[in-house]
Every structure is written in C-alpha cells, then in structure tokens.
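Enquirer: Go ahead and model the full structure; you've got the sequences and the hints to work with.
Going left to right, the sequence shown walks through residues 1 to 110 as my numbering numbers them.
Treat each hint with caution, since some may be false.
What the hints assert, rightly or not - Below are the DMTMM-like pairs computed for lysine to aspartate or glutamate, each with C-alpha atoms no more than 25 Å apart in a straight line:
| id | residue 1 | residue 2 |
| --- | --- | --- |
| 1 | Lys22 | Asp79 |
| 2 | Lys22 | Asp6 |
| 3 | Lys22 | Glu12 |
| 4 | Lys22 | Asp103 |
| 5 | Lys22 | Asp100 |
As the list claims (entries may be wrong) - Ranges between beta-carbon positions, derived for each pair:
| id | residue 1 | residue 2 | range |
| --- | --- | --- | --- |
| 6 | Tyr47 | Leu25 | 21 to 27 Å |
| 7 | Leu35 | Leu14 | 19 to 25 Å |
| 8 | Thr34 | Ser69 | 47 to 53 Å |
| 9 | Val85 | His10 | 43 to 49 Å |
| 10 | Arg20 | Ile94 | 14 to 20 Å |
| 11 | Asp100 | Ser57 | 20 to 26 Å |
| 12 | Asp107 | Ser69 | 42 to 48 Å |
| 13 | Cys15 | Phe98 | 28 to 34 Å |
| 14 | Leu25 | Phe102 | 17 to 23 Å |
Quick caveat, the hints were computed from the structure, so don't treat them as lab data.
The C-beta atom is built at its ideal place from N, Cα and C for all residues, glycine as well.
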Amino acid sequence: KHAYMDVALHSEALCVAAARSKEALVSQAHAVVTLNGAQWIFMMTGYGAITSVGAISVALAVRELSAYSWRASALYISDPVPVVVCAVLVCFWISSTFMDVFDMVGDTIL
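Expert: As structure tokens, this is what we get:
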C-alpha cells in the first residue's frame with residue numbers, strides 16, 4: 001500500500017517506490033506504530049459512531065413515526081428488527097468507506 005502511494009506521489013517505478021517506502025517505514029518505525037495505533041482508535045470510533053447513530057435513528061423512526069408504527073398505515077412495519085438489521089449493515093458499509101479513506105489519508109501523510 002505504501003509503495004503504491006509513493007508511485008502516485010512521486011511517479012517512480014514500483015521497485016524504486018517499494019524500496020523508498022521500506023526505508024521510510026524502517027527509519028520512522030516509532031512514528032509508524034504511533035500513527036497506526038491512533039488511526040486504529042479513530043477508525044473503530046468512526047465505525048461505531050456512524051453505525052450506531054444510523055441504526056438508532058432508524059429504530060426510533062420505525063417505532064415513533066406514525067407512518068411506520070400505526071397499524072392502519074400503508075407503510076406499517078410489524079417487525080422492525082429486519083429493518084434495523086438492514087440499517088446496521090448499510091451504515092457499517094458507509095462507515096467503512098469513510099474510515100478506509102481516513103486510513104489512506106493518514107498513511108499518505110506519513
């Protein structure tokens with residue numbers, strides 16, 4: 001991953017970029033470990049926050065909005081669990097997209 005970023009940033013051949021990336025990772029080992037640890041914490045927080053906010057919002061909407069909770073409504077949802085599970089999956093997919101970009105940016109800055 002680091003070599004590909006070096007190719008993109010410096011327009012070098014892959015072998016040259018790989019050697020430069022290896023050299024940078026070895027010489028800056030402490031900074032790499034610190035950055036990866038901090039990024040891991042931010043990524044897990046991002047996954048959890050985005051997924052939980054989306055899932056809680058959907059759960060509250062299904063339970064509280066009369067369009068979904070009133071039995072006579074055409075949009076009535078009798079069992080909200082599958083809807084909330086789908087919301088969790090979609091929100092996790094969205095959060096993973098954002099957090100992968102965050103991880104790539106953090107690695108590029110290094």
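Enquirer: Give a verdict on every hint.
Expert: How the hints compare with the structure:
1. Lys22 <-> Asp79: Violated. Lys22 to Asp79 sits at ~53 Å, over the 25 Å cutoff.
2. Lys22 <-> Asp6: Given that 25 Å is the threshold and the Cα spacing comes to 11 Å, the pair holds.
3. Lys22 <-> Glu12: holds, 14 Å
4. Lys22 <-> Asp103: The given pair, whose Cα atoms are some 18 Å apart, holds under the 25 Å limit.
5. Lys22 <-> Asp100: holds, 22 Å
6. Tyr47 <-> Leu25: 21 to 27 Å: Taking Cβ atoms as reference, Tyr47 and Leu25 lie about 25 Å apart, which means the hint holds.
7. Leu35 <-> Leu14: 19 to 25 Å: holds, 23 Å
8. Thr34 <-> Ser69: 47 to 53 Å: At roughly 49 Å between Cβ atoms, Ser69 and Thr34 fall inside 47 to 53 Å, so the hint holds.
9. Val85 <-> His10: 43 to 49 Å: Holds - the Cβ-Cβ distance for Val85 and His10, about 45 Å, lies within 43 to 49 Å.
10. Arg20 <-> Ile94: 14 to 20 Å: Violated: the Cβ-Cβ distance is about 34 Å, outside 14 to 20 Å.
11. Asp100 <-> Ser57: 20 to 26 Å: With Cβ atoms ~23 Å apart, the hint holds.
12. Asp107 <-> Ser69: 42 to 48 Å: holds, 45 Å
13. Cys15 <-> Phe98: 28 to 34 Å: Hint holds: Cβ distance 33 Å, inside 28 to 34 Å.
14. Leu25 <-> Phe102: 17 to 23 Å: Holds: the Cβ-Cβ distance is about 20 Å, inside 17 to 23 Å.
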